[in-house]
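Number of protein chains: 2
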Amino acid sequence: MSIELTRLPSGLVVITDNMPHLETASLGVWVGAGSRDEAPEENGISHFLEHMAFKGTTRRTARQISEEIESVGGDINAATGVETTAYYARVLKDDVPLALDVLSDILSEPLFDPDDLNREKNVIIQEIGASEDTPDDIIFEQLQATAYPDQPVGRTIMGTRQTVRSFDRKQLRAYLTRNYRSPGMVVGAAGAVNHQAIVEEVQRRFSPFDGPAAPPPQPAQFVGGTSIEKRDLEQVHVALGFEGVKQGDPASHSLQVFANILGGGMSSRLFQEVREIRGLCYTVYAFHAPYKDTGMFAMYAGTDPNDLEELMRVCVDEIVKAVDTITEAEVKRAQIQMKAGLLMSLESSGSRAEQLARQMIIYGRPIPIEEIVKKIEAVTVDSVQAAGRGLLSRARPAVSVLGPGQRLESAAAIAETLVRRVA
Amino acid sequence: MSIELTRLPSGLVVITDNMPHLETASLGVWVGAGSRDEAPEENGISHFLEHMAFKGTTRRTARQISEEIESVGGDINAATGVETTAYYARVLKDDVPLALDVLSDILSEPLFDPDDLNREKNVIIQEIGASEDTPDDIIFEQLQATAYPDQPVGRTIMGTRQTVRSFDRKQLRAYLTRNYRSPGMVVGAAGAVNHQAIVEEVQRRFSPFDGPAAPPPQPAQFVGGTSIEKRDLEQVHVALGFEGVKQGDPASHSLQVFANILGGGMSSRLFQEVREIRGLCYTVYAFHAPYKDTGMFAMYAGTDPNDLEELMRVCVDEIVKAVDTITEAEVKRAQIQMKAGLLMSLESSGSRAEQLARQMIIYGRPIPIEEIVKKIEAVTVDSVQAAGRGLLSRARPAVSVLGPGQRLESAAAIAETLVRRVA
Numbered sequence: 005m006s007i008e009l010t011r012l013p014s015g016l017v018v019i020t021d022n023m024p025h026l027e028t029a030s031l032g033v034w035v036g037a038g039s040r041d042e043a044p045e046e047n048g049i050s051h052f053l054e055h056m057a058f059k060g061t062t063r064r065t066a067r068q069i070s071e072e073i074e075s076v077g078g079d080i081n082a083a084t085g086v087e088t089t090a091y092y093a094r095v096l097k098d099d100v101p102l103a104l105d106v107l108s109d110i111l112s113e114p115l116f117d118p119d120d121l122n123r124e125k126n127v128i129i130q131e132i133g134a135s136e137d138t139p140d141d142i143i144f145e146q147l148q149a150t151a152y153p154d155q156p157v158g159r160t161i162m163g164t165r166q167t168v169r170s171f172d173r174k175q176l177r178a179y180l181t182r183n184y185r186s187p188g189m190v191v192g193a194a195g196a197v198n199h200q201a202i203v204e205e206v207q208r209r210f211s212p213f214d215g216p217a218a219p220p221p222q223p224a225q226f227v228g229g230t231s232i233e234k235r236d237l238e239q240v241h242v243a244l245g246f247e248g249v250k251q252g253d254p255a256s257h258s259l260q261v262f263a264n265i266l267g268g269g270m271s272s273r274l275f276q277e278v279r280e281i282r283g284l285c286y287t288v289y290a291f292h293a294p295y296k297d298t299g300m301f302a303m304y305a306g307t308d309p310n311d312l313e314e315l316m317r318v319c320v321d322e323i324v325k326a327v328d329t330i331t332e333a334e335v336k337r338a339q340i341q342m343k344a345g346l347l348m349s350l351e352s353s354g355s356r357a358e359q360l361a362r363q364m365i366i367y368g369r370p371i372p373i374e375e376i377v378k379k380i381e382a383v384t385v386d387s388v389q390a391a392g393r394g395l396l397s398r399a400r401p402a403v404s405v406l407g408p409g410q411r412l413e414s415a416a417a418i419a420e421t422l423v424r425r426v427a
Numbered sequence: 005m006s007i008e009l010t011r012l013p014s015g016l017v018v019i020t021d022n023m024p025h026l027e028t029a030s031l032g033v034w035v036g037a038g039s040r041d042e043a044p045e046e047n048g049i050s051h052f053l054e055h056m057a058f059k060g061t062t063r064r065t066a067r068q069i070s071e072e073i074e075s076v077g078g079d080i081n082a083a084t085g086v087e088t089t090a091y092y093a094r095v096l097k098d099d100v101p102l103a104l105d106v107l108s109d110i111l112s113e114p115l116f117d118p119d120d121l122n123r124e125k126n127v128i129i130q131e132i133g134a135s136e137d138t139p140d141d142i143i144f145e146q147l148q149a150t151a152y153p154d155q156p157v158g159r160t161i162m163g164t165r166q167t168v169r170s171f172d173r174k175q176l177r178a179y180l181t182r183n184y185r186s187p188g189m190v191v192g193a194a195g196a197v198n199h200q201a202i203v204e205e206v207q208r209r210f211s212p213f214d215g216p217a218a219p220p221p222q223p224a225q226f227v228g229g230t231s232i233e234k235r236d237l238e239q240v241h242v243a244l245g246f247e248g249v250k251q252g253d254p255a256s257h258s259l260q261v262f263a264n265i266l267g268g269g270m271s272s273r274l275f276q277e278v279r280e281i282r283g284l285c286y287t288v289y290a291f292h293a294p295y296k297d298t299g300m301f302a303m304y305a306g307t308d309p310n311d312l313e314e315l316m317r318v319c320v321d322e323i324v325k326a327v328d329t330i331t332e333a334e335v336k337r338a339q340i341q342m343k344a345g346l347l348m349s350l351e352s353s354g355s356r357a358e359q360l361a362r363q364m365i366i367y368g369r370p371i372p373i374e375e376i377v378k379k380i381e382a383v384t385v386d387s388v389q390a391a392g393r394g395l396l397s398r399a400r401p402a403v404s405v406l407g408p409g410q411r412l413e414s415a416a417a418i419a420e421t422l423v424r425r426v427a
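Protein chains in written order, with the working numbering: chain A, 5 to 427; chain B, 5 to 427.
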């Protein structure tokens, strides 16, 4: 391991991992703010800002931003999440200073030209349209909204056509100034990188973000309920959400093991029972997504409208049953999978840079691999079952159903009833 | 470079690349057969076989197949294409023999139990349903069918509900025996691998595939035309296809550069004109997919129904204009991008194993990086323009439009007219 960390006086952190056998580098800026840091009328502005960052600065036109990176063979991109926004690039080793220059430029000096603003609103409205045409996207937006109604965490990351149309330069500047602050920002890099050189570049370029930390977001409250959308599709898409645990919660590794056993791979219970034994679906899985102060444990499956009630019954049954019947062998397999996955991710410079940056934002320090391994190994059958039991007892589940047929409501009711009987 | 190659007496090739700094390995079996090797009534059987391979062998149940790999922290998966089918795994270095054992077992001793067959038909019918609910999938299936009507290359990889329902054990065995033959199979591996150990494992395990080479597929003929599907969606999805060139064609690198300049990244002409200048779409790109004896050059965009005719005009205009106006600077940028992309892909064991296996299947030898670089560097403005001109002159284009609105036909006609004027 060759992790180096520098915390600048402003609070901004530079964290790097030199991987000496590589010729390329992955690097980026992670900002600890996303859609949940938006006021209701700002819904979608984190994502809009992420788009506008690429639309020109005082030093570069939009075309120059992409051309400067792509003409050295690099890639540059960005992604907006609920709690973080990331801007990242992959380049050959000699081009790291250029990539840092471009990344800092687009974040610190964006122009927000009114014509560009209007054009980019159209682009995002097309992005919203594309997402609405994709059931896999919509079902999770609905699940999130049902789990966290009328809360920033429950709103879509892209916002609505209405909020997107309403944004102006002043709002963008206000959001940027409020949330892109050094104490909540991390520059992460891995691969063919030199820590000291990156620190020097960052010192030179990232001072515009100096200032007090961004305000914390409004606390989230998992509420749950049912959302149903009838749509003329081939499949009925189903997502079930349960209140998980927050980042760093003592139960988080046990819950991760539970998610893995229930729906993490081909040997998982859901895959075996729903797909292999019953042939009810092509896709079925479960995962846990922890946030600062809450967590979303979710299951997804797509099925034939005629099989919907059976699918719903089996999915709920599997989660309920798992709480009492998880075995030593399953826990062991999940632990090994998680440890091997960790090892595999270390071999990619992109995953490595992202892991380190996210650990800094969430925990304020890089988490040594040995420490993660130790926590995974400390998981027991009892702790996994307890983590599963927690899901069923904390809050009412969120149930989302999207598709054709007459029985969407009754299928959703099955889920609610089965879970309530246990809780 | 540490590529080692062994051709067994049966014709089966083992090709490995040891990457000494890695702790994990990627490996797989690539079979030079796919959906275009199917008779009309077999449409979808390559993909069905790929599914059935995981459903149990004389030595392992379906559950054991996934559990054996996942309980050592590995992943196993497969993918069916038009001309190749791949079965691959990623594991820790000590588990390479286990992965090879499982991969050879599922290909050589599949059970094809009648109950499993029926269940898996349901799973695939759900997979077809999920794909039909995804406009991005459907539009390319339509494009392929329009470019190559009534030909294996033009049929969907998954087949139809009707063909899938008709398959039986006898057909599966016949397809397997005909197409999974050592002279057309490659075992590729990269990462923490030892060539000789893999060769020994393969010698022990892959003899069931010995025999004469699989018969070559029926030649493909790019025909073109228009396909339109009205559907109640948010966006109109548009794909345009032009006859490209085959694998190994002297023009293939020039055409790749043309695709890159036209629609390969954020600095590409389509991205700049359609998204950045006009704000007409979120997604727009172009690519070239070469096959044994033909090639598909395609462009995709999704837009608002009201902007469809403008989008169509601009897209066609950009490809037509590019043929005469591509610049030295653009060619240079594309060349650097392709070379950097090559370097980046070398850092991933999965990409490396796949590249080597595909090169063996397509060219019969591993292509040294320096040779690829030399070919990229030999591309000139003239050769790129000539490659673009070839697209417009060879065959009638294929035009696919999917979405809402009254003007799908007239928009499709715009594309045909504009291209014909040039050709």
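Rather than coming from a laboratory, the hints here were simulated on the basis of the structure.
Possibly wrong hints are sitting among the right ones.
[Said to hold, decoys possible] Below, simulated DSS-like cross-link-like pairs (lysine-lysine); rule was C-alpha separation at most 27 Å, straight line:
(1) K378(A) x K97(B)
(2) K97(A) x K343(B)
(3) K250(B) x K174(B)
(4) K234(B) x K234(A)
(5) K336(B) x K97(A)
(6) K250(A) x K336(A)
(7) K97(B) x K379(A)
(8) K379(A) x K325(A)
(9) K336(B) x K336(A)
(10) K343(B) x K378(B)
(11) K379(A) x K296(A)
(12) K378(B) x K296(B)
(13) K234(B) x K296(B)
(14) K234(B) x K174(B)
(15) K97(B) x K250(B)
(16) K336(A) x K325(A)
(17) K125(B) x K97(B)
(18) K378(A) x K296(A)
(19) K250(B) x K343(B)
(20) K250(B) x K379(B)
(21) K296(A) x K234(A)
(22) K379(B) x K336(B)
(23) K343(B) x K325(B)
(24) K97(A) x K125(B)
(25) K379(B) x K97(A)
(26) K250(A) x K343(A)
(27) K325(B) x K343(A)
[Claimed, not checked] Computed list of chain B residues with no C-beta within reach of chain A, every gap over 12 Å:
(28) R63
(29) Q68
(30) K174
(31) E205
(32) Q239
(33) Q251
(34) A305
(35) I366
(36) A382
(37) Q389
No residue lacks a Cβ here, since even glycine has one placed at the ideal position from N, Cα and C.
**Item:** Distance restraint between K343(B) and K378(B), which requires alpha-carbon spacing of 27 Å or less
**Value:** Satisfied, since the Cα-Cα distance of roughly 10 Å is no more than 27 Å.
**Message:** Is the claim that A382(B) lies outside the interface with chain A correct, judged by CB distances over 12 Å?
**Reply:** holds (18 Å)
**Message:** Check the hint pairing K234(B) with K234(A) against an upper bound of 27 Å on the C-alpha distance.
**Reply:** Given that 27 Å is the threshold and the Cα spacing comes to 19 Å, the pair holds.
**K125(B) paired with K97(B) [C-alpha distance capped at 27 Å]** = violated (35 Å)
**Message:** Between the alpha carbons of K379(A) and K296(A), is the straight-line distance 27 Å or under?
**Reply:** holds (19 Å)
**Message:** Hinted pair, alpha-carbon criterion (27 Å max): K379(B), K97(A). Please report holds or violated.
**Reply:** holds (24 Å)
**Message:** What's the verdict on K97(A) and K343(B), does the C-alpha distance respect the 27 Å limit or exceed it?
**Reply:** holds (14 Å)
**Request:** Take the C-alpha atoms of K97(B) and K379(A), compute the straight-line distance between them, and say whether it is at most 27 Å.
**Result:** holds (24 Å)
**Asked** Does K234(B) pair with K174(B) here, judged by a C-alpha cut-off of 27 Å?
**Response** Distance ~39 Å between K234(B) and K174(B) Cα, so the pair is violated.
**Message:** So if I understand the rule, the pair passes when the alpha-carbon distance is 27 Å or less; does K336(B) with K336(A) pass?
**Reply:** violated (52 Å)
**Prompt:** Under the criterion that the straight-line Cα-Cα distance not exceed 27 Å, is the pair K378(A), K296(A) satisfied?
**Reply:** holds (22 Å)
**Prompt:** Straight-line Cα separation of K325(B) and K343(A) no greater than 27 Å?
**Reply:** violated (53 Å)
Checked against the numbered hints above, the structure breaks hints 3, 9, 13, 14, 15, 17, 21, 24, 27, 29, 32 and 34 and satisfies the rest.
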